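Peer 1: Just so you know, the protein sequences line up as chains H and P, in that order. Just so we're aligned: 3 in the working numbering is position 3 of the first sequence, and the numbers increase by one with no gaps anywhere. Just so we're aligned: 86 in the working numbering is position 86 of the second sequence, and the numbers increase by one with no gaps anywhere.
Keep in mind the hints are simulated off the structure, nothing from the lab. Remember, predicted model here, so these are calculated numbers, not experimental data. Yeah, the Cβ is synthetic: ideal placement off N, Cα and C, and Gly gets one too. You may find that some hints are simply not true.
Interface residues of chain H toward chain P, partial, derived using beta-carbon atoms under 8 angstroms [claimed, not checked]:
id, residue
1, 42
2, 104
3, 105
Facing chain H, according to a computed beta carbon distance under 8 angstroms, are these residues of chain P, among others [claimed, not checked]:
id, residue
4, 22
5, 33
6, 42
7, 43
8, 48
9, 88
10, 103
11, 106
12, 110
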Amino acid sequence: DGGITQSPKYLFRKEGQNVTLSCEQNLNHDAMYWYRQDPGQGLRLIYYSQIVNDFQKGDIAEGYSVSREKKESFPLTVTSAQKNPTAFYLCASSAGTYYEQYFGPGTRLTVT
Amino acid sequence: GQQVMQIPQYQHVQEGEDFTTYCNSSTTLSNIQWYKQRPGGHPVFLIQLVKSGEVKKQKRLTFQFGEAKKNSSLHITATQTTDVGTYFCAGRGGGTSYGKLTFGQGTILTVHP
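Whenever a hint applies, use it, and build me the whole structure from the sequences.
Peer 2: This is the structure:
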């Protein structure tokens, strides 16, 4: 089956710890994205990558970091600098910038 | 920066009633996409509109793109319980903004049987 996988589904961390969210796709898509979803605020873009070894900040990149060493993988690290990290994180990919995006099942991160 | 506003935030309907959600952008869009997110799920792509004044239909769903390419709507005829979920529009800017998608806040649709 082709698709996007995110792991884990639920993640709990203590304040002050960095945490890395996994995103893998086997759709052979060039572009990958990370979004954050909070109630009543839609999806906000954190980082995106249009090609391997390149990525750009989205609208709310502060406190987050990413890497794109392989076409299939786009992990997101939520650092201790992120002030409100508790949220639902969605990874997506697309064949190119102007194509529809395919979303993974998401990771719900809770930081206490 | 580009803003996309979506209304209403919530809509409760009886099964069989119609439903419409509206999307308005602060800037002219190159295209607009619509997504549906079922409760507890992830967004799933529905459609993309590109041309000014474009209208597309998918069974009971009708999507419109405004003449000025700054607004869009999704209309569902005779809602069913399977239509429950959050509907998002996502506008793509043009020019130097690389064409990133900006999502509206979404409309949460509840259908009472």
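Peer 1: So, for every hint listed, does it hold in this structure?
Peer 2: Hints versus structure:
At about 4 angstroms, the closest approach between the beta carbon of residue 42(H) and any beta carbon in chain P falls short of 8 angstroms, and the interface hint on this residue holds. Given the 8 angstroms rule on beta carbons, the hint for residue 104(H) holds: about 6 angstroms separates it from the nearest Cβ of chain P. Because the smallest distance between the Cβ of residue 105(H) and any Cβ of chain P comes to about 5 angstroms, under 8 angstroms, the interface hint for this residue holds. The interface hint given for residue 22(P) is violated, since its Cβ lies 14 angstroms from the closest Cβ of chain H, which is over the 8 angstroms cut-off.
For residue 33(P), the suggested interface contact is upheld, since its CB lies about 6 angstroms from the closest CB of chain H, less than 8 angstroms. Below 8 angstroms, beta-carbon pairs count as interface contacts, and residue 42(P) has one with chain H at about 4 angstroms; its hint therefore holds. Checking residue 43(P) against chain H by beta carbon gives a least distance of about 5 angstroms; that is within 8 angstroms, so the hint holds. Using the Cβ-Cβ criterion of 8 angstroms, the hint placing residue 48(P) at the interface with chain H is satisfied: the shortest such distance is roughly 6 angstroms.
A least Cβ separation of about 6 angstroms between residue 88(P) and chain H falls short of the 8 angstroms threshold, and the interface hint therefore holds. For residue 103(P), the interface hint holds, the least distance from its beta-carbon to any beta-carbon of chain H being 4 angstroms, beneath 8 angstroms. Interface hint at residue 106(P): satisfied, since its Cβ lies 5 angstroms from the closest Cβ of chain H, which is below the 8 angstroms cut-off. A least Cβ separation of about 15 angstroms between residue 110(P) and chain H goes past the 8 angstroms threshold, and the interface hint is therefore violated.
Hints 4 and 12 from the list above are not met by this structure, while the remaining hints are.
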